[in-house]
Amino acid sequence: MKQKIIALLIAACGITPLHAGEMPDFGDISQQGLSTQQEREIGENAMRQIRRSGAMIEDPEIVAYLNQVGYRLTDAAEISQPQFTFFPLLDASVNAFAMPGGFVGVHTGLLVQAQHESEVASVLAHEIAHVSQRHIARLIDGTKSSPWISLASIAVALLASQAGRGDAAVAAIAAGTGVAVQRQLDFTYSFEQEADRIGMQTLKKSGYDPSAMVVFFERLQKHNRLYENNAPDFLRTHPVTFKRISDAQARLGEIKFKAVPDSLEFLFIREKSRAMQMGGRDGVPYYQGIIQEKRYANESAQHYGLAYSYYLLQQYDQAWQSLQVAKTSLSKTKNHPMLAFLAGNIQLGQGKNAQAVQTMSDAAQAFPGNRALLYGLIDAYIASGQFAEARLSLNDALEFYPSDAWLYQRRAKMYAKQGDLMRQYQSQGEYYVRLQEYTAAFEQFELALKQPGNDFYLLSAIEARLNQLRQEQQDARKKK
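Take any residue in the sequence shown, note its place counting from 1, add 253, and you have its number in this note's numbering.
Keep in mind the hints are simulated off the structure, nothing from the lab. Hints are not guaranteed to be accurate.
Estimated spans, in silico, between C-beta atoms of each pair [unchecked claim]:
#1 Y710 with S443: 56 to 64 Å
#2 R301 with D570: 39 to 47 Å
#3 Q724 with K703: 34 to 42 Å
#4 K587 with K547: 20 to 28 Å
#5 G532 with K703: 34 to 42 Å
#6 A550 with Q446: 20 to 28 Å
Glycine included, C-beta positions come from ideal geometry on N, C-alpha and C.
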């Protein structure tokens, strides 16, 4: 019961956690509540619910960017556990949230509204601190005097609030357990202060601009004053007060100012996120107006946004033309992996599969280790019917990234195109295993076993894998 309530609270409400740096010692107090293993399980359960909701974006470039920034911060804070996962959600609201076990979600609205890369980093630093300080575990530990009543009340209040039922949220807090709930909400405010302090330390150590946290807070609060009934979600889950801003400004006074330029990745990711939010129909006129009026700091990023908007509309010729302008407007860089990835995908949309293979292959060699280009090259091989090359690339990639679900999904697609249903279902089963969707995985493996064929070794391998997973599930249930 306890885990179900916590999982609901975490997954649906976005209770937010923060960062690390010079972390105070809290002893074993949080260990008396949730163990680190329990925190991980709660986070994984919440991730499954978010993924099933369809809100999570599986865009490899945005995922890679968030993890690049996130790991730069965790490295600076010297955090090795838990293993963090940063993921995007297609949502125009300005928000981010952290869940137990190191899972940090970022709304595209935050990327779009950030004026500088350090502002994005300041929010991620804040969320990392929530996790590293185990704030949710400590919050739950603080409910011992009236454990499930308080927790259930918080969950109901936050769930109702998330659904827009403000009256229900107020009623839940007021009904019988209001004092206990308020005590916990006060406790979370102290977590916000702690996360601000540790987050700013991490920003400084990682080389981002620490003043971005103050600037971001002030802009959000100004937005809240102007649009009181439409405050950004970040303000609801992370209340910004004058005290928090003044505290952050005081800490900033001790730090020497250093200008930090934005990366090209940030500029392109911001416009890609904006185009995805707007959709091609609204995105095209938006970018045309920006470009015509020259209201931009980076011309290439705006033409990229226009090209991506055309791509979303499947207007591939216009997308290609805009992309060429984006390339030529880059000052010193001849190419960029995001421009090359879009170019290859436009060519796939145009049916120019051989050209797409060449574009993705050249880019993958120029930017080794870029996961999006690896996916793009495999997709191009499959589209062009070069299955031997696709299989070789997949096998090599899985040696390096054995936990990558999206590689298995592409392998399933390759076998489907070849009409090899047994291997298709086997690969799709491995895809679901890596998402921890075991019911779906078992169904795929069982479908694989039902396919006609006399490959004894393949059948034996699938049966052995199915039995292994079932045994692992049984062992896991016995431990709970």
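### Hints not upheld, ascending by number
3, 6
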